[in-house]
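S.K.: So the chains spell out like this:
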Amino acid sequence: MSTQLRRISEGNYGVARLTPAPEHPGTFLGMPKFTKAVKDELKLPVQRKNMRNAMTTIRTKRATRVAESPDWEDLRQAAFEIKNRVERHLDHYLLQAEKSLTERGVQVHWARDGAEANQIVAEIAKSKGVDEVVKIKSITTQETDLNEYLEEQGIAAWETDLAELIVQLGHDRPSHIVVPAIHRNRAEVREIFLREMKNYGRPCPEDVSSNPPDLADAARLHLREKFLRAKVAVSGANFILADTGSLVIVESEGNGRMCLTLPDTLISIVGIEKLLPTYDDLEVFLKLLPRSATGERMNPYNSVWSGVTPGDGPQEQHVILMDNGRTNVLADPVGREVLRCIRCASCINVCPVYERAGGHAYGSVYPGPIGITLTPQLRGMQDPVDRAMPYACSLCGACNEVCPVKIPFTDIIIHVRNKVVSAEKADRFPKDPEVLGEMALMKTAAWVLGDYKHFESIMYGSRGVGRVLHHKAIGPLPVPVAERWLKYRDVQAPPTQTFRDWWKQNRTESER
Amino acid sequence: MDAKQEVLARIRQATTDITEKDPLVDTPVTWTYGGGIEMDDVVGTFQEKVEDYQATVVRAAHADLPTAVVDGLKATGAAESVVVPVGLDKDWVKAIESAGLTVHVDDPQLSNAQLDKTDAVVTAAAVGVADTGTIVLDHEDDQGRRALSLVPDRHVCVIRTDQIVSDVPEAVQRVKQAVHAGRPLTWISGGSATSDIELSRVDGVHGPRKLYVIIAED
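For the protein sequence lines, the chains are A and B, in the order given. Residue numbers are given in full-length UniProt numbering: position 53 of the first sequence equals residue 53, and the series is strictly consecutive. Residue numbers are given in full-length UniProt numbering: position 177 of the second sequence equals residue 177, and the series is strictly consecutive.
Simulated from the structure, these hints should not be mistaken for laboratory data. Don't take each hint at face value.
[Claimed, not checked] When the alpha-carbon atoms are kept at most 16 Å apart in a straight line, the in silico EDC-like pairs for lysine to aspartate or glutamate are as follows: (1) Lys126/A to Glu151/A; (2) Lys198/A to Glu225/A; (3) Lys231/A to Glu188/A; (4) Lys117/B to Glu225/A; (5) Lys126/A to Asp264/A; (6) Lys4/B to Glu98/A; (7) Lys49/A to Glu198/B; (8) Lys39/A to Asp501/A; (9) Lys198/A to Glu10/A; (10) Lys90/B to Asp142/B; (11) Lys61/A to Asp116/B; (12) Lys231/A to Glu98/A; (13) Lys49/A to Asp71/A; (14) Lys406/A to Asp71/A; (15) Lys126/A to Asp91/A; (16) Lys4/B to Glu116/A; (17) Lys4/B to Glu132/A; (18) Lys472/A to Asp490/A; (19) Lys43/A to Glu355/A; (20) Lys425/A to Glu438/A; (21) Lys117/B to Asp153/B; (22) Lys419/A to Glu316/A; (23) Lys176/B to Glu10/A; (24) Lys231/A to Glu316/A; (25) Lys431/A to Asp383/A; (26) Lys176/B to Asp264/A; (27) Lys61/A to Glu198/B; (28) Lys4/B to Asp91/A; (29) Lys49/A to Glu188/A; (30) Lys231/A to Asp131/A; (31) Lys176/B to Asp138/B; (32) Lys21/B to Asp91/A; (33) Lys117/B to Asp89/B.
[Said to hold, decoys possible] To list a few chain A residues with every Cβ distance to chain B over 10 Å, as calculated: (34) Asp40; (35) Gln77; (36) Ala78; (37) Arg85; (38) Arg88; (39) Ala122; (40) Arg257.
The beta-carbon is built from N, C-alpha and C at its ideal position, and this holds for glycine as well.
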């Protein structure tokens, strides 16, 4: 009954692969920047409808559950303080966590960046002689593009979360950090399962309906053989408790529990900021996270484990503490506030830009408000994709209100925009023609507004135009940039007299 | 410099603006830990919230527990085999056997494949949380290792009224000793579920699809 690992070319751009090939490389660099990419995303009416339905539902659920909690604001304040404590004393808590984990039989590794973390995972998997691993949904491993690295190394990484399975089999990329397949509807999911499952394991029943319970059942059967034969699992973690050396995973489906208990070896890649000082602090976050993320009083399963438990679960455990740009974020006293993030996605769910654009346009595994504040700081502001990100925002501030750890998103977005401009100024010749145009415009404006004489001479110029046009409105004109504006709007002709002239004529010397 | 030293050096470089080195002094936390919620009927609230997750909840007197466990197994559709942890109440085990079900005691441990073929599991519990309808297992001998309450498709769970607390912080404190002793915890709120397709909640993906909770009353 059990299906074997095979190399498949179908749907994989002609390359024989162990796992389905994603559409874009995980780093997203080289993709069009948000302002360009969003145009294609907005042309997908099915996706926009899916997103609108889903986001409306999840916002309502969260609001209901938050309203049930009378001490919500106290909890947010506590979470704010606890996570600040961690980030401001990160070296202290990391060393404490390393000590506690080691005492519990966990092998602790440190990784400067994603590449180093990926290598450590591959080395451990190879030392176990396996050609496949099962994975719990982990955005951290998407950040490092672990699956593609393992594929290159001849190791198949199987996503076991239902949404991640839909994304993986669909040759797709996640579009949300909690519900990654939110851009797909049931009919699309059915099509993906029927087309792809048979290539990578137990086939989807041919007569499957597009009802979510049937689709979930197909996924259950497809994945069960993978769980039962897996020797190595890879996870992230929601929290590491520094004092007890415990890892915490918050999930819904039980795929996490499968990965945490059935294999012999467990490898967890964890960002260095995912610490809580003590076990006691968990009470605050177990109250905040489920209500913020999925709008439930509590999600179906939480696992807390403290290293190796004899006779229960993986007897060999590795934790990789990964930096990958987090210390860059920490170095900025304004920007570092995003390191409090617990990845609940409530900011994404209220974001009007995200709801319309979807998650793919951003060019990061982190979309929405958290994405546009975190990603450019993590990766630096060299690539046009990263530079465009903080502008995917109308500064409405809805995200500030819902964030369970009180991240002041709009303040940070403005701060990051500032840093983008500084980075652009530092380039002597910007590669992006729009940036070049904007810089020229700003320089001109600075000249005009810097001296009243300059301003006056420009006013006289406009008066000249006014006299030529003689009260005739300006209609469509083939002028670059202005063309797009004038296509839809008439602009009144400039006045034939400037205000300064009028003032001089109508006021005596003493009145001026 | 190895990766650890380099990451630590970067952190210290990044936080030179923070001069107070004692985390507790630098960043006080105003929260009062371990608090509960005032509620009239803790057990009733627990039952209501667990039922909200589409799980079945019944109440039984201590003396009736063996019968209640068998009834629970039948109600969830367990027809042939049941796995039980080593420390499960012997009277319950006897009752299950008398009802004609095959009982596998997890000693020696069943393989993953054997667990997959087993219809149901019966466990006790460590704590119940009324506000969230959560059952916490600390995997003592009457609950068994984590895989037991995961792989079989039906879970019958017995919890005593004195184990039920009002809110999450109290529950965290109740199982603190277990965590300090190195034992894992599993928090269960209803059966396995997913909302990954169009955010519509579907019960039962990988964990037990049927959760049957028996509240043991004094």
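S.K.: So which of the earlier hints does this model not fit?
M.R.: Hints 3, 8, 11, 12, 13, 15, 17, 22, 23, 26, 33, 35, 36, 37, 38, 40 are the ones this structure does not satisfy, whereas the remaining hints hold.
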